[in-house]
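All chains should be modelled from the sequences, with the hints used to inform the complete structure.
Residue numbers (the numbering used here), protein chains in the order written: chain A, 998 to 1332; chain B, 2 to 589; chain C, 37 to 357.
Treat each hint with caution, since some may be false.
[Said to hold, decoys possible] List time: in silico BS3-like cross-link candidates among lysine-lysine, alpha-carbon distance up to 27 angstroms:
| # | chain 1 | residue 1 | chain 2 | residue 2 |
| --- | --- | --- | --- | --- |
| 1 | B | Lys374 | C | Lys345 |
| 2 | B | Lys182 | B | Lys480 |
| 3 | A | Lys1088 | B | Lys570 |
| 4 | B | Lys112 | A | Lys1077 |
| 5 | C | Lys317 | B | Lys367 |
| 6 | B | Lys374 | C | Lys318 |
| 7 | B | Lys77 | B | Lys374 |
Calculated from the structure, these hints are not laboratory results. Given the structure is predicted, the values throughout are model-derived calculations rather than measurements.
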Amino acid sequence: MTTTPADTPTLQPRPASPNQAGQPARTNRPTGRWTDLGRRIKRHWQLYVLFLPPLAYVVIFLWGPLFGLQVAFRNYSPVKGITGSDWVGAKYLIQYITSYQFWPTLTNTLILNGYELLALFPLPIVLAVLLNTVRSRAYQRTVQMVTYAPHFISTVVVVGIIIMLFSPTGGVVNQAITLLGGTPVDFLAPEMFRHTFVWSGAWQTLGYSAIIYLAALAGVSPELHEAARVDGANILRRIWHIDLPAIMPVMITLLILNIGSVLSVGFEKVLLMQNPLNLSVSEVIDTYSYRIAFSGAIPQYSLGTAIGLFKSIISLALLLIANTLASRVAKQSLF
Amino acid sequence: MSDLTSTPLTRRRVLTATAGIGASAVAATWLGGCSPSSDGSSDGNNPGNDSTVAVKELGPEAADKPLYPDGYVGAKARDYKPFTDGSKTFKVVGPQNTTTIGDWTSNHFSKWIEQRTGMKVEYQAVLTTAADGTTQDLTKINAMIAAGDLPDAFIGIPFSPAQISLYGQQGLFQPLDDLIKIYAPELRAAFEAYPELPTTLKSLDGKTYGFKALSDCYHCKASDGRAWVRQDYLDSMGASMPTTTEELRELLKMFKAKDPSGTGKMVPLAAGKQNRLDPYFMNSFLETPAPTYGWMTLADGKVRFTAIQPEWREGLRYLRTLYDDGTLTESTFTATPEELLALGNQGRIGMARAYYQGMITDLSDKPGDTWTKWVPLPPVKGPAGVQKSCWSDNLLTGIPLLITNKCTNPELFVQWGDYMLELTAQLMSYGGDKGENGNWDWAKEGETGLNGKQAVWYNKKYPAPVGQGWGQILYYFPKGFREGQRSDTSKPNYEKYLYDATTPYEQYKPARENQLPTLIYDDATAAEQSTLSAAVTPFVTQSLAEFATGKKDVNDNAAWQGYLDALDKMGIQQLVDLTQKTYEAMPK
Amino acid sequence: MTVSATTTPGDPDVDPRGPRRGTAPSRIRDSRVDQAFHRVNLLVLGVFTLMVLYPLVYVISASVSEPSALTRGEVWLWPVGLNVDAYKAIWESPGLVRGFANSVAYTIAGAVIGTALTVLAGYVLARNELPFRRFLTLFLLIPTMLSAGIIPTYLVVRSLGMLNTPLAVILPGAMSVFNVLITRTFYQMNVPNELLEAARVDGADEFRFFARIAVPLSFPIIAVNMLFYGVAQWNAWFGAFLYLNDSNLFPLQLVLRELLTQSQVDPSQISGADLGEITKKKELFDKLKYAMIVVAMIPPLIAYPFVQKHFVKGALIGAVK
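Below you can see the structure in the form of structure tokens.
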């Protein structure tokens, strides 16, 4: 395993050398890569101890259930159990990849989630930065609380509100449009579906997503701002040079993680917003998987698991690519 | 005899009567340990071979019974004695239901059936409905099965027929055919009354794994294809009920032009995501089934996919003319149930596609309210003379009692289930507590049922107050039962409205041999069928909407051919062949 | 443009303790750009808040409106008519109080356990000089991306004997690797190695450093984790649905959800029902959807300010000293 320190964020100075500060290396100690490693492990044993509880959790609850992935390669029946079901190899994976809807749903998923990522990723950052500069505590608190509340409204109700507001037959928005002289817009039509889907998510998630950035900004000393102000920097420059670098590491981390989940669109929301006319753009992998695997007469667990496996592998690949790019470009990465 | 019907019959009296008979019969009653296979295997054949077990017959008619009208077909009130001593406790998993059943253990019917049968049962409730209330969610049940945590029986758990067939063949459920022959007199009586029933209960291997009866629901047969029209709007416009597609087209144009709602925002034709147009409209061009059949019908014994036929194209042309008239819009395909209801409540709808009036106008218990102005619109005749309704004569059998391979006394459960099919038991479960202070009772002489003859029973409300009955678990609602419900002309039961909304469709129903039964797919074909229909169904749905609204031009031969070619590529021929194979493999 | 070098106590831009109530505006004049910015900022935030407020108001209004107004589509901002049947139904539903108490317990337990695991993992992984750090990070990340589904997890929980116990509700999903990575980033940024070196010179070992220095320095991220895990546990119902049989252990969301699903009017079951009942059931369902959200939203909203004060600007300053 590499012994060089990982790339660090810009504010973090390079760590000191492994040897204790000020102590000369003793020349008669055995040296060598593996013994160095052994020594270092011994030195940090306490850190490993600290890591034990989360490690135990991960082994039991994250790695444990993965034995069930073999369901993707078996003809699974709950009666026969996982190991009792017959082995069929890649049959279901192939069936999925060669199915008629494979490419359309994959494309739709990537476009929908990609759009959402591009549009919605910067917004919580903007909100957090703006909130952070508000002087009045009361105002700041109120805005934060109000914008955090929509997180608790269930998807069913959210879509219900969207449909009610934007209904072509009587929704408030279209009424306003006709009053202003325009023609009613069908917001769920194929050409509008993606926009409606993405932007309706904005107001619901912004406040909640901004919280993590606010926490990062909490570590920024107001004295830095004051000093910069004294030096004549206006607020925009101060934000650019102080606030943004402070949240850059969190931003990169979240961005990489979000790219890794680009194949998982909000399933329930899409399902509720689908209608016969927009199916060509609204059928995504998860809704297709639901149709195939769970709404038939016999639940196709094997097929569903195979689709899930496919998604996971692609997601991992995307994560790796995003990670490599980030480490090249921003000198920061997940691992 | 008529004295008995006028004496107030409390539950206590019935129970004491039964208990009295039961107590004296315990000594004579055989206990359930005679001859079942003790290794709990799914071989239910032993009792059949054991000639010492006499075939159980229907019990004597109960002392506490109703008046039966002439020609009554159905279960009768009978006396039955407990058939076991309750020394062993069995585990049963049932659906969670906090508004009707409440707590299974303290539920009145649970206790009643325990006294009647002598069987001690421990219930475990599992939530099986998904959040939207209609889709069945068997995740937890499947997890339990996978883990091997099996009860002795499942009751009211919505396994699909295909699942029952598959799991039965894999040994999860015990076959019940021979047990039914011996221990289930009430079910055998139901078999005689409904000859199609035994076959409907069979799985693909010819065995019966699910114990259940049926509901002879007349109005359910037409439920998927009903259309409604506002009679008061017809009257105010001076229009009459249309009988042909052309007349219907004119009527819709009239709705648009004359706007009888007075709101200025009339919606001549209202339908939506869950209220599809094709089951009604396409039946004027070719026989079209309900959506659950995936556009598959039978013609001369061969499975036919209706959505690629030339007649379907004619139907699409017709819909396109409606769009060009401005009476059909995109919303006709995309409206949600809430939008539809709002439109209807605002009075803006002229004609609507809906299962029942409640989907387009709020119901109330005041006859004369707006919702009563909706009248069913019978099928109209198409240009080629086709006039059919979307109709299904398939029996509605509900959710069965399934006995797992863990149960060592399946014959007890068969009897347990059979006792529930008797009339008093049915009403105790469906109606709740009996008597003046309860929720149901026998009807009095002179009171009339839905068919105008002597009524058999009445209930104050459904569902009964929580904790009294089980609702509609393991029902047996034959014709006599349904028609025997007292119909109060001052406060008409909703059943009457639905009944009246079904008769106009009956004369146009397709021949029985053209109706596809509920197919049971075997394991190998189920996966293929799922994949194929997951592509075909959205495509046909979308194309229907696109052709109708002009996004694709139905009059353009290239566009139509493109549609057929796409379906071809999706494997529609495979799907049809698969369906044909499955149809032929169905138990006869 | 003149600036003054003096600092003013209570000045929100300068005093790390935050502004006093009703502070007089700073005596240091803002540049024009700053003034404009602040004005626009308040405006933008205000508009956004109103936009977000709308659905909240709608939900509350819908939950107390006349059901017929709802089904006529008349409600779009303010309540139409007044009808609290849905709240009555919730209040009277058996298991409501129990469910509420259970949810509070699960939320606190879930938040504490989740935060503890996350902080431990995040801190350890933030230490650059730890051997196998990359491996451990991947070890955590990979199974998060792969998921075998519900049934295998059920089998794992069952084999641990946790079925039908509160542990089954709290432990699966207790720690999110996403949170771990964000916590790790936070530690990398805010616990510089000089501190570690200084502490080592003073003779502190890893445990002491962690407990005495790192943790106090990380109140914002602890607060965020507590909030995220707490909210997730509060909203959760599926784990309880899958692993619990005893309804006395049900959390609030599951109780409400059951109530909701059973108020659905299923057309195939309406035969024989009398109209009054169908109507009442339907009306209840429409409003229950909204009332449930209002009821479930109140505790998180009440709890929020307590957590929020930890990620106020400048909250960390002073901790290091």
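Hint by hint, here is what the structure shows:
1. Lys374(B) - Lys345(C): Roughly 60 angstroms between the alpha carbons, so the hint for Lys374(B) and Lys345(C) is violated.
2. Lys182(B) - Lys480(B): holds (23 angstroms)
3. Lys1088(A) - Lys570(B): Holds, because 20 angstroms separates the two Cα atoms, which is no more than 27 angstroms.
4. Lys112(B) - Lys1077(A): Not OK: Lys112(B) and Lys1077(A) at ~35 angstroms, beyond 27 angstroms, violated.
5. Lys317(C) - Lys367(B): With a Cα-Cα distance of about 16 angstroms, the restraint between Lys317(C) and Lys367(B) holds, given a limit of 27 angstroms.
6. Lys374(B) - Lys318(C): Given that 27 angstroms is the threshold and the Cα spacing comes to 20 angstroms, the pair holds.
7. Lys77(B) - Lys374(B): violated (38 angstroms)
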